[in-house]
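Starting from the known structure of chain A, fit chains B, C, D, E, F, G and H with the ligands onto it as the hints suggest.
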Amino acid sequence: MEKVMMKGNEALAEGALRGGCQCYFGYPITPQSEVAEYMSRRMPELGRVFLQTESEVATINYLYGAAGAGVRCMTTSSSPGISLMQEGISYLIGAELPCLIANVVRGGPGLGNIQPAQADYWQATKGGTHGDCRMIVLAPNSVQEMFDFARDAFDLAEKYRNPVFILADGALGQMMEPVELKPFLEFDPHKNDSWATTGAKNREPHVITSIHLEPEEMEEFNRHLQAKYLLMEKEEVRWEEYQTNEDDLDILIVAYGIASRVCRNAVDDLRASGIKAGLLRPITLWPFPKAEIRRFADRKIPILVVELNMGQMLEDVLLAVEGKTLVDFYGRYAGIIPSADEVVRKAFDTLKKVGK
Amino acid sequence: MEKVMMKGNEALAEGALRGGCQCYFGYPITPQSEVAEYMSRRMPELGRVFLQTESEVATINYLYGAAGAGVRCMTTSSSPGISLMQEGISYLIGAELPCLIANVVRGGPGLGNIQPAQADYWQATKGGTHGDCRMIVLAPNSVQEMFDFARDAFDLAEKYRNPVFILADGALGQMMEPVELKPFLEFDPHKNDSWATTGAKNREPHVITSIHLEPEEMEEFNRHLQAKYLLMEKEEVRWEEYQTNEDDLDILIVAYGIASRVCRNAVDDLRASGIKAGLLRPITLWPFPKAEIRRFADRKIPILVVELNMGQMLEDVLLAVEGKTLVDFYGRYAGIIPSADEVVRKAFDTLKKVGK
Amino acid sequence: MARKAFVDEERCKECGLCITACPKSCISFSSKLNSKGFHPIEIDHEKCIGCGFCIDMCPDTAIELWEVAEA
Amino acid sequence: MARKAFVDEERCKECGLCITACPKSCISFSSKLNSKGFHPIEIDHEKCIGCGFCIDMCPDTAIELWEVAEA
Amino acid sequence: MSEFVTQEIISAGMGGQGVLKAGLLIAETSMKEGYNVSWIPSYGPEMRGGTANCKVVVSKRPVGSPIVTSPNVLLAFNRPSLEKFEQSLKPGGILIYNKSLIEIEPKRTDLKLVPIKATEIADELGNTKATNMVMVGAYVKATGYLNPEKVKEEIKHMFASKPQFVELNIKAFEAGYEAAEEIK
Amino acid sequence: MSEFVTQEIISAGMGGQGVLKAGLLIAETSMKEGYNVSWIPSYGPEMRGGTANCKVVVSKRPVGSPIVTSPNVLLAFNRPSLEKFEQSLKPGGILIYNKSLIEIEPKRTDLKLVPIKATEIADELGNTKATNMVMVGAYVKATGYLNPEKVKEEIKHMFASKPQFVELNIKAFEAGYEAAEEIK
Amino acid sequence: MEKKKLIRGRPDALNDKIMHYCPGCGHGIVHRIVAEVVDELGIKDRFVGIAPVGCSVFAYWYFNTDFHQAAHGRAPAVASGIKRARPELIVMSYQGDGDLAAIGTAEIVHAANRGENITVIFINNAIYGMTGGQMAPTTLIGQKSTTTPLGRDPRKAGFPIKISEMLAVLPGSRYIERTTVTSPKEVNKTKKAIKKAFELQMKGEGFTMVEVLSPCPTNWRLTPKDALKFVEEKMVEYYPLGVFKDEPVFND
Amino acid sequence: MEKKKLIRGRPDALNDKIMHYCPGCGHGIVHRIVAEVVDELGIKDRFVGIAPVGCSVFAYWYFNTDFHQAAHGRAPAVASGIKRARPELIVMSYQGDGDLAAIGTAEIVHAANRGENITVIFINNAIYGMTGGQMAPTTLIGQKSTTTPLGRDPRKAGFPIKISEMLAVLPGSRYIERTTVTSPKEVNKTKKAIKKAFELQMKGEGFTMVEVLSPCPTNWRLTPKDALKFVEEKMVEYYPLGVFKDEPVFND
Ligand SMILES: Cc1ncc(C[n+]2csc(CCOP(=O)(O)OP(=O)(O)O)c2C)c(N)n1
Ligand SMILES: Cc1ncc(C[n+]2csc(CCOP(=O)(O)OP(=O)(O)O)c2C)c(N)n1
Ligand code: SF4
Ligand code: SF4
Ligand code: SF4
Ligand code: SF4
Ligand code: SF4
Ligand code: SF4
Ligand SMILES: [Mg+2]
Ligand SMILES: [Mg+2]
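Chains as they are written, first to last, in this note's numbering: chain A, 480 to 835; chain B, 480 to 835; chain C, 205 to 275; chain D, 205 to 275; chain E, 86 to 269; chain F, 86 to 269; chain G, 118 to 369; chain H, 118 to 369.
Rather than coming from a laboratory, the hints here were simulated on the basis of the structure. Just so we're clear, the structure is a prediction, and the values are computed from it rather than from any experiment. Don't take each hint at face value.
[Stated by the list, open to error] The calculated label-pair distances, taken between Cβ atoms and stated as ranges, are: (1) 268/H / 702/A: 31 to 39 angstroms; (2) 302/G / 683/A: 34 to 42 angstroms; (3) 169/E / 302/G: 53 to 61 angstroms.
[What the hints assert, rightly or not] Lysine-lysine pairs mimicking DSSO-like chemistry, simulated, CA-CA at most 27 angstroms apart: (4) 214/F / 247/F; (5) 175/F / 240/D; (6) 707/A / 482/B; (7) 273/H / 313/G; (8) 240/C / 342/G; (9) 779/B / 803/A; (10) 482/B / 145/E; (11) 362/G / 342/G; (12) 362/H / 320/H; (13) 273/G / 261/G; (14) 273/G / 362/H; (15) 106/E / 240/C; (16) 228/C / 122/G; (17) 235/F / 482/A.
For every residue, glycine included, the Cβ atom is placed at its ideal position computed from N, Cα and C.
Just chain A, with the same shape it has in the complex (with noise of 0.2 angstroms):
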């Protein structure tokens, strides 16, 4: 298939809009706002929804009346605009919605800047809203995977009644890249009538609700969703690696999204000087690809990590390897990608740590 070049954000909109998008809400925010300015013009054409909101905290709310509807829906938003939607977003796990929501990670913390960052790592995988909630959380890092996981998001979301998140950045938002174009996928639209607000037609009344007051029931529903938790890590960890076929490497890095493009150039130029080094890229952040690191952490390979971050994937890394072996961190922070350059010398660093 030919490829166009395409903006991240672009592409993202696209891509969900082939996976079956009906409605969009959003409120506009650098760097993003490309989604819904996108999502203006071709909703229309399709006959399909676009509402600009009043602001982040509506705008999960609209999100969460549509998908209760059963209908396919996102949003799309940046930063501070998504922690505006860490309630809704505990609504939408706790009444089972599936739905798509995307962050175009800006520097922090407060308004901080527009630039590309990855410091809302552990908000999206872990502690961004109240109670015990987890979402399969994407993380693309090329234009190509902004339109691939948005137009596959959405089957994800309604394998398991749940929020799908993808964790983009300010870069993958913003930047033009070759994008192959899939098609509309197929689905079917039925497929959430058994329990969404269609009307009590023939049927019992169904109610979208997350709550609970019996503590035993309250308790009974979070062992389902835990088990849901369960099935996600088992069935739908992602991850690629790069030259990491030898038994014997000198050291793994791993980094997901931009940093991943950054440290992918890197291991190319340790290999240049005789250092053999691979890269695991987790995709999903959550479930973490756990295992697949241990292996690694198992055969004594250093690691090194790095992030856009102070250190969050970080202990992931740290709690899938268990102290097995060493585990080092490179950051940049809030708006800064660092050259592979960098990298390179860091992971020079990290291997005079194991004695090498």
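For chains B, C, D, E, F, G and H with the ligands alone, kept in the frame of chain A given last:
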């Protein structure tokens, strides 16, 4: 000093008052509305400010204003309400403003229920908001500590120019226990004059902000924050141990807040049946008493983590332990507090796993 | 044929709003207790004219209007 | 003594709002470029009556009104 | 006095019957007597039905969870409370129930029963509102670990701002104490 | 053609000068020629000053970061752009600058300079707007790794919806190509 | 007396669960009115209600229709989300005064301003019922609540907010009326208003809202009867009854 | 010509940094007006401005006064927080139309309704300037923006919201006027309005707001001159100028 019976929520309020709280902003939510109700009586009595706001999103921004003006101020809420404050919390940290925020946690996700829970641990300690944000998180386990921690929080917040967070739960908020009411704290009300918005009289203007558009500047600021975080990790770790003085402990239980009280009894019961059990209670959940737990791991003492959630602090324990000993987990969810008996049974289970 | 109001005693919560609305003053609290511990109303069917005002006011749909066989 | 408007060329952004406001049409763009790449205005001091309307409209406080020694 | 066992108490009834205060009085006196105590009310929309309850723990060791799910003492002020909590009582637990408003008999046969016509006794003393003190009297007698004089002191404290009620409440307490049997 | 080196390009100028399109044309043609490419614009309030720039990477291996901080090629459309980015060029980098609007001389002495009177050339062709195509022509000549015919094809694509501009732009491209020197 | 034929009982749109509301609570009355209107308009099988956070959080326990429980204050956004997703549904946002007039202010204003084709039933009981009687934005001046222990003082706590008046100013609001339930007559006015609102929604005419002044005997600490009197005497004085807007919105 | 004496220059309350606003942007004009008023009232040393999220996020770069940058839409809450903490300060919330009329709707409504003793300067430029020209709640019907590429259609995107009219309904609003900056005459009216607002705040009279219709040539894709014309011809037609409220609030 004589003790009086007091509700946890009221003790928290009285503690904050006596710690110098000048402004209380809040929005009602069970199980913490008594804080606001108490403040609505007490603050005007003292000529201070009580304001019931229009929402939690607004609340955190009233706080942001008052904290920027350099006065001691606070808010309290419960899980969904705290989720709505996440953007604002990031701004407070990004603008380096001292203040007190307390979460009297209830069951989630979503609207959930109003019973005690601990499922907001991650939100408070790591990922609640966007950007690399950290706050000292104090976890009281008695009404006395609700009072004490609230009273001490402002000094701590001003020391670092960072919000301090109290993570309690519905039981601690609602229960009455004997409390010793310590006197009003002495402090320098002009301490913050060097940066607060008090009016630019005979000085350069003061600006409270969290935006730094240039990535280099933003990164620099993040490094400054990180330096503060490292200092907090060095200076502010608090924990408590019970029955841990033996070298050959059979089992260490790690629990915080309301769960730690049950576990204390479980330790007694285990000892009554001949098991050398001990308890480590993290008091600061961040910074986490990592080194202290590590001491036990180094001695290969099996650890049982007990929480009212699916296993959140568990990860911090695992990170501390680095695979050096068995870590087991017992969790009840969303409103249910386990009995000491349950914990004892689970501890025997854990002991079995290590062949004892 | 006449219309008369009938109470479902188990639903009644003793709020008395029907009493304030009844133009014929034919509603009063009984001395019974229902399982929730409320004294349900009783209706004096002699006086009741079946106007349904009590139904308008009842927050608990505890009252129904029936066509009855004339005494 | 008369009052005249003076422009700070470095501040001027070539928006022309002063031009629309000037009752005496004494403002025009110069052919110079300032360091930001704008053509700052120039003021014909002969015609200027010092009314200050240009100052009212200038978004960039690029104009000042001075008392000048009469030519 | 009998051997003290940790008291895990539920005090339950209608809003207005003073069930929370009954629990608090037990907790406060026990605290002054050197026990560790906690008290926690039912809260939130649970109250809507007009019912109320509180849980009290009195213990020689620090109180763990203040939430009592299997009490060893139930103070049932009315029938719905009896019905709601009877099953949760520990085997051998003490059931103190307000005979005046509860016409049915407890179903469990493994409990120590303390029926008391609390409302009638209070009415006789001139104020239904003192029902809760009668119940506390019965509790103190039945459990035997508290000195009734200390309870009366505590009642004086509790009603310090409404001195006109002190006497009534002390009398109600005494009447409850008299009317009940100590559990052996 | 000279040996290909990874191209890390900054194209910078005033809003309206077509700096973004210039970068995009380079990226698109390079993509069609089998290179890995990325393009990213400056965005957000950076635009307020009226300046605009984009970063393009053309590489034989997958593109890492699309953000170029040390370019090896700078297309400077006006003086503020030259001043802003000159220092960031890699030693030995190529500086293509619009002589028509930049009266000053570059300060660096370790660069390969490609001065080109882009605006004047475009003006002569009848439309200042084609300045960017002149600059691209100079780029293609200077770097030597792209077949100019392919660029022209791409220009046709790019202006498919405005066919009246195709010829002008191709001519501008050619003029730029002619006017510049290949860097050896 | 022998019952022959049921003339008027519980509407079809309500099931037979006993409601959790306090004795004499206005929520129960309004639930029944809504259900009667749903019956009369025959829209039970294409109706979706939004339950707010507030005493009526469990409204869905009682209705024989689809329901969606919304986060505190966000019911208009949830309702709009549903309506945009499935325009054929008749959507009701049922909200209390804390929910609608405090935390949900932005959502209600923008639903109204957009002319969103939904119907809002706004239960103004001048208090936060569910959380135990704190001040609501609608609490009257001088009224005591658990957070205005000395009575509401506007200098500190602001004024009781007049939502219907405010939303009527917005170009997107189609029909706004304030009613009450203090007598059968007022109940029937409320019913008429609610029916009209749903009918307008069925015609696609835009945003409709009925504000119902409603008693909360529990948190006002009044008997149900006195609570009605409080509505009649105090609330109606500040919040006058009547139609605040009845104008076509869209000219297309 | 020899300069003898400065008659009128940059006000003291502004420093000499060159503003980041686009050529012909209304923000610059209003900044100067505010600064002149601050000078005239002599309140520079007890003034705190709140900068919103929007093009004026960096307002604090230019003022010689204390400033507090607020989260998007929350400036009235931040302003109120400051005012409650230090009532002796004169507090200005400076906000754009996206900030105030969209995400910040609840905060502005409740600040007004409470009669909060602050002054709001509301820059209505019918667009989201900072983020690149998306529709604002105030965008006119038919007006194109990056999210209404075919022009705003009220059926889908709602109506332009009239904030001054709406807030004027609330009992806590003391003084509300809408002005513009399209000519020296209008600039001077704006100045008078802003001065009056601050004076009322100084007397503790409650919530004051001046809405300024302001050009955004960049995102309207008009020259500065044509942008003024757009304000005069299109915006003023929909958003009439004038005083919407001028009434004492508190009677104590
Ligand atoms: C985000 C959030 N904030 C606060 C609450 C707590 N809360 C529950 S109901 C309620 C107010 C209810 O009052 P109202 O809307 O007037 O309804 P009523 O109970 O009076 O019918 C509040 C504040 C919540 N559940 N979620
Ligand atoms: C929570 C949040 N949402 C969205 C944004 C992005 N944002 C920045 S400015 C702005 C709108 C600005 O428009 P307006 O308030 O009209 O101000 P103007 O730039 O037009 O002066 C938006 C949506 C943000 N920074 N934070
Ligand atoms: S139907 Fe009318 S007359 Fe009969 S009881 Fe009801 S209100 Fe009274
Ligand atoms: S209105 Fe209904 S609930 Fe109330 S007393 Fe009458 S029948 Fe009973
Ligand atoms: S002061 Fe008046 S006359 Fe002089 S330039 Fe300015 S506007 Fe024109
Ligand atoms: S108004 Fe000011 S910035 Fe604009 S052209 Fe005139 S002097 Fe220059
Ligand atoms: S608290 Fe008030 S609003 Fe809530 S159910 Fe009871 S009477 Fe009704
Ligand atoms: S984008 Fe518009 S509002 Fe923002 S600075 Fe430019 S002209 Fe002013
Ligand atoms: Mg209410
Ligand atoms: Mg704007």
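* Satisfaction of hint between residue 362/H and residue 273/G, Cα-Cα up to 27 angstroms -> Given that 27 angstroms is the threshold and the Cα spacing comes to 21 angstroms, the pair holds.
* Asked: residue 240/C and residue 342/G: Cα distance at most 27 angstroms?
  -> Distance ~21 angstroms between residue 240/C and residue 342/G Cα, so the pair holds.
* Asked: Quick one, are residue 707/A and residue 482/B close enough, alpha carbons at most 27 angstroms?
  -> Between residue 707/A and residue 482/B the Cα gap is close to 48 angstroms, so the pair fails against 27 angstroms, i.e. violated.
* To do: Compare the distance between the alpha carbons of residue 362/G and residue 342/G with 27 angstroms, and conclude whether the hinted pair is satisfied.
  => The given pair, whose Cα atoms are some 31 angstroms apart, is violated under the 27 angstroms limit.
* Taking 27 angstroms as the top limit, are the C-alpha atoms of residue 273/G and residue 261/G close enough? -> holds, 14 angstroms
* Hint consistency between residue 235/F and residue 482/A [alpha-carbon to alpha-carbon, up to 27 angstroms] -> holds, 16 angstroms
* Asked: Given the hinted pair residue 228/C and residue 122/G, is their alpha-carbon gap at most 27 angstroms?
  -> holds, 22 angstroms
* Holds or violated: residue 214/F to residue 247/F, with C-alpha atoms at most 27 angstroms apart -> Distance of about 14 angstroms is within 27 angstroms: holds.
* Hinted pair residue 273/H and residue 313/G, Cα distance within 27 angstroms -> holds, 23 angstroms
* To do: Could you check the hint for me, namely that residue 268/H and residue 702/A are 31 to 39 angstroms apart, CB to CB?
  => Distance hint for residue 268/H, residue 702/A is violated at roughly 52 angstroms.
* Taking only the CA atoms, is the gap from residue 779/B to residue 803/A under or equal to 27 angstroms? -> holds, 16 angstroms
* Asked: If you draw a straight line from the CA of residue 362/H to the CA of residue 320/H, is it 27 angstroms or shorter?
  -> holds, 17 angstroms
When held up to the earlier numbered hints, the structure conflicts with 1, 3, 6, 11 and fits the remainder.
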